[in-house]
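Peer 1: Protein sequence lines, in the order shown, are assigned to chains A and B.
For the first sequence, the numbering used here gives the first residue as 1, with consecutive numbering after it.
For the second sequence, the numbering used here gives the first residue as 1, with consecutive numbering after it.
Possibly wrong hints are sitting among the right ones.
To be verified - Heads up, simulated DSS-like pairs for lysine-lysine below, C-alpha to C-alpha not over 27 Å straight-line: (1) A/K167 with B/K151; (2) B/K151 with A/K74; (3) A/K69 with B/K151; (4) A/K104 with A/K182; (5) A/K153 with B/K100; (6) A/K60 with B/K151; (7) A/K60 with B/K49; (8) B/K178 with A/K60; (9) A/K167 with A/K182.
No lab work stands behind these hints, which were simulated from the structure alone.
These numbers were taken from a predicted model, which means no experiment stands behind them.
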Amino acid sequence: MNRVFHRGTIRFVLFLAILLAAPGCRGRATVEETVQREIEAITAMKQLSLVEYRVSKIIKADDEGAWYKIGDRKIILSCTAYLKAGIDLAGFDADDVDIDWTGKRVTVTIPHATLLSLDMPPSEIREEYDHVTMFRHSFSAEERNALLQQGEKQIRSSVPSLGILEKADENARRFFESVFQKMGFETVEVAFK
Amino acid sequence: MEKKIIVKITPAAVLLAVLVLLAALFLTRGDHQDKQALTIQDTPVIITKIRALGELTTACYYDEMVLSRTKQNAFSSTALGSLAEGLGKDVDDHLVLIAKGTVRAGVDLMDMTEQDLRFVGDTAYIRLPAPQYLDVIVNPSDFEVFAETGKWTHEEVTGLQDTARQRLLMGADHYGLKSKAYAGAMDAVTDLLAASGYTHIRFDHPGSYIRMPLPVE
Numbered sequence: 001m002n003r004v005f006h007r008g009t010i011r012f013v014l015f016l017a018i019l020l021a022a023p024g025c026r027g028r029a030t031v032e033e034t035v036q037r038e039i040e041a042i043t044a045m046k047q048l049s050l051v052e053y054r055v056s057k058i059i060k061a062d063d064e065g066a067w068y069k070i071g072d073r074k075i076i077l078s079c080t081a082y083l084k085a086g087i088d089l090a091g092f093d094a095d096d097v098d099i100d101w102t103g104k105r106v107t108v109t110i111p112h113a114t115l116l117s118l119d120m121p122p123s124e125i126r127e128e129y130d131h132v133t134m135f136r137h138s139f140s141a142e143e144r145n146a147l148l149q150q151g152e153k154q155i156r157s158s159v160p161s162l163g164i165l166e167k168a169d170e171n172a173r174r175f176f177e178s179v180f181q182k183m184g185f186e187t188v189e190v191a192f193k
Numbered sequence: 001m002e003k004k005i006i007v008k009i010t011p012a013a014v015l016l017a018v019l020v021l022l023a024a025l026f027l028t029r030g031d032h033q034d035k036q037a038l039t040i041q042d043t044p045v046i047i048t049k050i051r052a053l054g055e056l057t058t059a060c061y062y063d064e065m066v067l068s069r070t071k072q073n074a075f076s077s078t079a080l081g082s083l084a085e086g087l088g089k090d091v092d093d094h095l096v097l098i099a100k101g102t103v104r105a106g107v108d109l110m111d112m113t114e115q116d117l118r119f120v121g122d123t124a125y126i127r128l129p130a131p132q133y134l135d136v137i138v139n140p141s142d143f144e145v146f147a148e149t150g151k152w153t154h155e156e157v158t159g160l161q162d163t164a165r166q167r168l169l170m171g172a173d174h175y176g177l178k179s180k181a182y183a184g185a186m187d188a189v190t191d192l193l194a195a196s197g198y199t200h201i202r203f204d205h206p207g208s209y210i211r212m213p214l215p216v217e
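Chain A on its own, in the form it takes in the complex:
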């Protein structure tokens, strides 16, 4: 009985050794990519972007884990984001322009600037540091993306303190003054709703 067991074990180990010693015998490509589009749509809009801020941020996390876990994980990512602010002209109509032709005077009322877009290109996100101890798993793509989502959220929430909206309001005032002066108005007043 034992002899049969030993023979079977040896054969199996030999079989494994032969198989493991012959890597890469398959001929197909190592990487395959498929892209499948599902939903698409085009919408019309009228937005005037007046200022762009390029910002950078360090995203760092130190995962010590639960009490029963041995070791920790650390990661540092750096990213660049492009913020565009301006005014939405969707609600702009004739009621927002008050013209005094005789005095060559015009008053334009525009909405305050808002954040129109935030672009955080994947190509400008870099993994600067990654350290995982032996008993922990490395950071997965899902975890890294979850960290980046938090970074994106922090950038978005920092908008009021960056001064970008004030800068866009200032540029909007200049823009409309310039356009109406070009039209021949001598006095241009830009007011905000």
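Dock chain B against chain A, hints included.
Peer 2: Chain B only, in chain A's frame:
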């Protein structure tokens, strides 16, 4: 005289081995399930550049897509992996992302010169710049990792994410986003000038004028 070594496998030893195995599994498990607990530290947002713009965005293309990538791993590239695959087992590493993104298109009014905007009486003559894609946006919040097996480096993931941007641009081209953006830009400028009292608004395209329908006063 042959010496025999007899190793007795007692139930206690088996139990101990099982316990050690379970403890090891318990200690190393669950890192990926604890992602909710992972929080980033508060770091400042640094402004590196400020640029004045005059971009009139008039059309936006939205798309949602599934991106997947498959690669061989250390096991699947062996003959044993090949054998397993031959038996119908999937032994490769997979990464499947669901991405949604937008392409914003319009005209850059900063490209206009003094000659591109003329006012004669109640008529405005305008030559708009060529339409262009102003933004292609696929942010981290636009990605969902639907399936992930094996180890994927940051570069591999961002490489796949960049594919989304390329596909977005192809989709925008396919649906004629630039021409829609140009028509939208003409509408937007017409509305602005009509609100400013101009009753005739003419767009100067290379070689010809196009009369736009005027809004009813």
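Peer 1: Any hints from earlier that this structure breaks? Give me their numbers in increasing order, please.
Peer 2: 1 and 8
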